[in-house]
Amino acid sequence: MDMTGQYRIGAARDIVWAALNDVEVLKLCIPGCEEIEQLSPTTMTARVVQKIGPVKARFEGNIELLNIEAPASYTIKGEGQGGVAGFAKGSADVTLAEDGDETVLEFTAQAQVGGKLARLGSRLIDATAKKVATKFFDNFHTHLTEKGPTGG
Amino acid sequence: MSTGIGARVKRKEDKRFITGKGKYTDDIRGDNQAYAAFVRSPHAHARVKGIDIAAAAAMDGVIAVLDGKQLTGDGIGNIICGWAVSSKDGSPMNMGAWSALATDRVRYVGDAVAVVIAESPAEARLAAEAVEVDYEILPANAHADRALSKSAPQLHDNAPGNLIYDWEIGDGAATDKALAGAAHVTEMALTNNRLSPNAMEPRSAVAIYDASDEHYTLYTTSQNPHVARLVLSAFYQVAPENKLRVIAPDVGGGFGSKIFIYPEEITCLWASMKTNRSVKWTADRSEAFITDAHGRDHHTTAKMGFDKDGRIVGLKVDTIANLGAYMSLFSSSVPTYLYATLLSGQYNIANIHCNVRAVYTNTVPIDAYRGAGRPEACFVVERMMETAAREMGRDPAELRRLNFVQAFPHQTPVIMAYDAGDFDANLDQAMAAADVAGFAARRKEAASRGKLRGLGYSSYIEACGIAPSAAVGSLGAGVGLWESAEVRVNPVGTIEVLTGSHSHGQGHETTFAQIVAERFGIGLDAVSIVHGDTDKVQFGMGTYGSRSGAVGMSAIVKAMDKVEAKVRKIAAHVLEASEADIVIEGGQVKVAGTDKAMGWHEVGLTAYMAHNLPPDMEPGLKESAFYDPANFTFPAGTYICEVEVDPDTGETEIVQFTASDDFGTIINPMIVEGQVHGGIAQGIGQAMLEQVVYSDDGQLLTGSYMDYAMPRASDLPFFSVHNAATVCPNNPLGIKGCGEAGAIGSPPAVINAITDAIGNNNLAMPATPQAVWNAIQAAK
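In order, the protein sequences belong to chains A and B. Numbers in the numbering used here are just positions in the first sequence, counted from 1, shifted up by 741. Numbers in the numbering used here are just positions in the second sequence, counted from 1, shifted up by 915.
To be clear, the hints were calculated from the coordinates, so they are not data collected in a lab. Any given hint could turn out to be false.
What follows is a set of in silico ranges between Cβ atoms, one per label pair, in the way DEER data are often shown [as the list claims (entries may be wrong)]:
no.: 1; chain 1: A; residue 1: 759; chain 2: B; residue 2: 1036; range: 49 to 55 angstroms
no.: 2; chain 1: A; residue 1: 783; chain 2: B; residue 2: 1630; range: 50 to 56 angstroms
no.: 3; chain 1: A; residue 1: 782; chain 2: B; residue 2: 987; range: 41 to 47 angstroms
no.: 4; chain 1: B; residue 1: 1388; chain 2: A; residue 2: 743; range: 55 to 61 angstroms
no.: 5; chain 1: A; residue 1: 743; chain 2: B; residue 2: 1685; range: 19 to 25 angstroms
Simulated coverage check for chain B against chain A, where a stretch passes if three residues somewhere in it have a Cβ under 8 angstroms from a Cβ of chain A [stated by the list, open to error]:
no.: 6; stretch: 1196 to 1209
no.: 7; stretch: 1584 to 1591
Everything numeric in this text was worked out from a predicted model, so none of it was measured. Note that beta-carbon positions come from the ideal geometry of N, C-alpha and C, so glycine has one too.
Using the sequences plus the hints, can you model the full thing?
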């Protein structure tokens, strides 16, 4: 299932773009993110805790930024191993459009799981993935609105 | 009350089962017990690039972390399929290598790559989670119909196009010709849904290695411990047979899934030797879903032709059978010799042709599950018959009757020679019991309540015993399918019967004792049935294919014949009479027409004291026999299902289910009815509830009872079960077998009833409310 969403952020596109590439901001905004470490400008390792249906798992994995068209769009892609719980993969295509002083953020995201997560939680995956994606962009929006030039 | 043949004796074994005193494999504790946890692939298809055990090996309680390279390095052989099925071009089946622990590639979610042995189950599990496997994910495919396409990922190098075999039976040209000349041809596409076996007791193994004499003992959840020992020894090189004892203690249900020898038993035995510890593994339910062999998963198109009078002139069937990622022990035989050989059903069909392509997919291996091939055949034939009747405007019962085999023996065009039956008697009995005559009124009444009422038939036949040995051997079986028994009369007259059959719910401790008690005129309590231990029982082929009555009990009868002959000689000698005048009854051995007699217990004592035996007679009273049947047996019957469907929701209720079976001689009607009840419940589960679902990329989506729907009491009506039997002429007791009939006969009856109710013949199993509602909408 593709998940889509749109946010209007009261900040200039360059500021939004910088935040999207800031590890500290990502750490604050990725739901359940316990740790994130930057390996290169476009790759990170992360530890994320997620509960999907009856299965709670700590995922150790990688985050990668690709298809970078600064400051207009990129794809953020993550995949993590959750031990016996299985694995989860997800990606989101994010675009930023200028609209006066504001920025319109649009995303299209997909998620995939395997192993026990698929066996026990398959019916809940779409809902969980949607919740995670929405929470991330909500957090991101809130962060910029509170910290950003127009929100502060 | 009589306890002999035909008596409704309550089960002797139930006392220990219902008081929690059963002793199952997981109840066994070996010396120095350690526990195994398997590291399993979460990917449907991947290359194993590396396994890092360092973190796991350092964890508390961990004794060893072992992988597939070590296993194969120690010479443990690949898991094999023991029934050779060749393609129609004569080439052998393409069996891909299956190591108990994967070495370089995993091919289904659940494929084991390593095992952790630890001091406790919890420590083993924690450490298994810490084993890091570096996977390179490969494209995967879960669906049989996609497996043969060019774009499908290739699972095994020696099986190009994922094809295991392309097999056929029957005369294709003659069948095509018959169909071309038919007055009416019914054509259908039918799917037999994939099922998970769900025995109540999960699989378990306790391996105990004794270094002092390099001897292994394996307690395991097996339907056939001798076959397990044979295969573990001869093919997997775990240990020579004389150094390997296999014990299958109380086993809580099998349904076929405990016939096979799985990676876990092999690994536990090997790990026990590696660590010099007893090693136990017990599956949890989640593990059972991804490791117990699944059943069914056939995709079929079929054409059945009729002449202008409604007589069948030909049947042509084309099936793709999913065998999963690897070939399990008897997987090759299920969609071939256990399936296509039953496509003649109860009918005279001169021309039959069936083509079967078996394929690999990235799913759990598929093998025999209650009925094994015969439910798939029955579903094809009986769905076709009902549909043909509707298309031709004929009464479905009368169309069947018109085509019934009436004269026996009857040779079908697909190997089987039916020996006895009275198909009209079963149909008549079922129709009377189901009050088919009153159905029109019931349908009308249901309509007044807004319900759609439908009635469906299924006249099934199956082949049981899975024998004789020479016949199955000629069809590719790697084993003989006889059975053995030993009857030991003790010095004071009690009897132990050692049987190669294995009871895992069938009630052998009761039924087997009944035939012995009756034969020698002694009480049931004086007879004990011993089974499931390769050190006690001389040999055995085990229990599956509804064979324990027809084959297992026949072996006991043969051994009893020998015991009786010796008893007669002893009694004639002691009582100074002629052997021919000796009768055994009421606990006594008598000289007919006189008052001369000795108690049954005195005969035993005489045999063992050996003070007064006929010249040249050996002391003791113990005889054994091997029995190899002369033919398969052919249980048959008619099932009638009546349903009510709510057209607004698609919810379907089975309001009446009637069975008339022909099982030959029945030893214990209560136990037989119980088998029929259970079989029908499983068949209704397949027809309406159960379905293993994989995502396209091979993730199992139905991995718990949240998503895999098992039948519950509230899903089932009270069954109306009847018996109209003919005696099987090919074994001494006249038994045909009853273990699988319910699961074979019921699915088409249910679907025929629902499709009758909703007026749309296009309905796949499981007929969930959503599926039924969609079919109703499609028919509008």
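Hints, verified against the model:
no. : hint                               : verdict
1   : A:759 - B:1036: 49 to 55 angstroms : holds, 51 angstroms
2   : A:783 - B:1630: 50 to 56 angstroms : holds, 55 angstroms
3   : A:782 - B:987: 41 to 47 angstroms  : holds, 44 angstroms
4   : B:1388 - A:743: 55 to 61 angstroms : holds, 56 angstroms
5   : A:743 - B:1685: 19 to 25 angstroms : holds, 24 angstroms
6   : 1196 to 1209                       : holds (count 3)
7   : 1584 to 1591                       : violated (count 0)
Hint compliance for this structure: hint 7 is the single one not met.
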